[in-house]
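Just so you know, the sequences run in chain order Y and A.
First residue of the first sequence? That's 1 in UniProt numbering, and the numbers climb one at a time after it.
First residue of the second sequence? That's 1 in UniProt numbering, and the numbers climb one at a time after it.
Keep in mind that the hints were calculated from the coordinates and are not lab data.
In this text, all values refer to a predicted model and were calculated from it rather than measured experimentally.
Careful: at least some of the hints might be erroneous.
Said to hold, decoys possible - Quick list of in silico lysine-lysine cross-link-like pairs, DSBU-like style, CA-CA up to 35 Å: (1) 222/Y x 25/A; (2) 99/A x 218/Y; (3) 122/Y x 233/A; (4) 6/A x 174/A; (5) 206/A x 93/A; (6) 46/Y x 222/Y; (7) 38/A x 99/A; (8) 164/A x 222/Y; (9) 167/A x 122/Y; (10) 218/Y x 233/A; (11) 234/A x 102/A.
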Amino acid sequence: GEPYVLAASLDNARHLSSLLRAVHFQDHATCFATANGLRVTVEDAKCIQANAFIQAEIFQDFAVQEESVTFRINLSVLLDCLTIFGTSSLPGTSTALRMCYRGYGYPLMLFLEEGGVVTVCKINTQEPDQLLDFDFCSTKVVNKIILQSDGLREAFAELDMTSEVLQITMSPDKPYFRLSTFGNAGSAHLDYPRDSDLMETFHCNQTQTNRYKISLLKPSTKALALSCKVSIRTDAQGFLSLQYMIRNEDGQICFVEYYCCPDEDITEAEFM
Amino acid sequence: MRFRAKIVDLACLNHFSRVINTIAKLAKTCTLRLTVSKLYFILSDKVANGGVSMWCELCQGNFFDEFQMEGVAAEHNEIYLELVPENLARALKTAQSAKAVKIKLTNKHCPCLRVAVELPSLSSSSRIVTHDIPVGVIPRRLWNDFREPSVPDFDVSIYLPVLKTMKSVVERMKNLSNSIVIEANLNGEMNLKIETDLVSVTTHFKDLGNPPWSNSAQDRDLESMAEARIDIKKLQQLLAGQQVNPTKALCNIVSKRIVHFILLHEDVSLQYFIPALA
């Protein structure tokens, strides 16, 4: 067969590029491929991690010859290559993609075709990074809310982004789900009642108030913009998981997940 | 020395504005040469322009309803002006729905092109917006600096692909590299290439066709590529800046020396020369 440890084809390269753009807040990403699909991870400041998951089914052809294949790549470069024919293709036209990787030390090869024009890209790969392990499994989840993304998009437009932190309160009792900022224009609180139309699921077991650096959360608005639903979960230590459900033009579902550490600069007493 | 001209037709006016906008995108300052039948916008290949030169030619008859000019002398019936095309573009911005635009060379305090835009109004008297654009009059002894560049003795001449596609490709490549290699052969194939420590990208266009005159290079192998490495920003500027929507676009490559672009739209021709990098 082929000498490639990873080979994949995609009818519409935008299905990949739009998800990658949703995690593009740092130049470098780590790609991790198994038979299930591709996961692209971006981290910053050892405090935030974003993962884009592109399941094998999204691809027309997805073959991995080893149990797993990992490499690090410049994400900005990868995105420029994937969108070489433009980001908004005309209706009825799409960029077809074939992606191949021979293994450690080899470049990632991309073959893109649109309207008979072919582009070949050779992107150097690097030694994969040691990734953060947020160890965020569903059994450790304390509170979980699923919101329609419209609801959170409104909130992010409304909240005072001059605030250093976003404070999230989740509780089985009032105020149920509250977002707060403390910025130049004073503090702002946004409450979502548990029976709101926007609220799809509400499982809160314990009152938790945690703060997260806005600068760390800001990149996740790229994923939010594309998503239809978002699952907001916290564990006992206050680690936050934002899981965005994204439906592509062909109606297929993909996920982008952001993990964020709570802001440690403040003590519990300050909340009181 | 005298010059006055008038455009009444709205389509002509918009077309003229698009040409001026294109020029403004490609040159900070340029020379406007006026003759009885034609207007020329000229950028000569000074080092300050990165060796780039431009030659844009339009027939006045296709734009202007009135066009009167008197050159410096009967035997040299031409006028050469230096101007900032952006100023002219700005003056024409208000003219999108104008009833008429008059352009006149004046000399009150300093030489100016006076652009008077007559805007429609509800009352019987119309509103007139006047822009005085300072120009420099270029003396006759310097005219030789602005002669039409000769078409270089090219190795390959080829039609360009759909400019929108080419623009998109060049824009991405510009994010990745400072220079681009453009190569083409007499078999209708053209490649755009960049290569850096991080990445190499090649876009292959085929079936572009070669203009009939390219047969002059008869003894050339059809498949053999002529190539030049040029400043990618200059190419991107041309592709992003052009608003003439040419009906024909082509380029001539002189291996390792220069790439000569020609964009044609009925009565307008734009030539753009980008020298090869060492």
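For the pair supplied as a hint, residue 234/A and residue 102/A, confirm whether the alpha-carbon distance does not exceed 35 Å. Holds, at roughly 33 Å.
Keeping to a limit of 35 Å between CA atoms, is the pair of residue 218/Y and residue 233/A held or broken? holds, 32 Å
Given the hint that residue 99/A pairs with residue 218/Y, test it: the Cα-Cα distance must not exceed 35 Å. Answer violated: residue 99/A to residue 218/Y is near 50 Å, above 35 Å.
Given the hinted pair residue 206/A and residue 93/A, is their alpha-carbon gap at most 35 Å? Not OK: residue 206/A and residue 93/A at ~39 Å, beyond 35 Å, violated.
Is the hinted pair residue 164/A and residue 222/Y satisfied, with a Cα-Cα distance of at most 35 Å? holds, 27 Å
Residue 6/A paired with residue 174/A [C-alpha distance capped at 35 Å]: violated, 41 Å
Against the 35 Å threshold, does the CA-CA distance of residue 122/Y and residue 233/A hold or violate the hint? With a Cα-Cα distance of about 22 Å, the restraint between residue 122/Y and residue 233/A holds, given a limit of 35 Å.
CA of residue 222/Y to CA of residue 25/A, is that 35 Å or under? holds, 32 Å
Straight-line Cα separation of residue 167/A and residue 122/Y no greater than 35 Å? Distance ~21 Å between residue 167/A and residue 122/Y Cα, so the pair holds.
Given the hinted pair residue 46/Y and residue 222/Y, is their Cα-Cα distance within 35 Å? holds, 20 Å
CA of residue 38/A to CA of residue 99/A, is that 35 Å or under? OK: residue 38/A and residue 99/A at ~23 Å, within 35 Å.
In summary, the structure is inconsistent with hints 2, 4 and 5 from the numbered list given earlier, while agreeing with the others.
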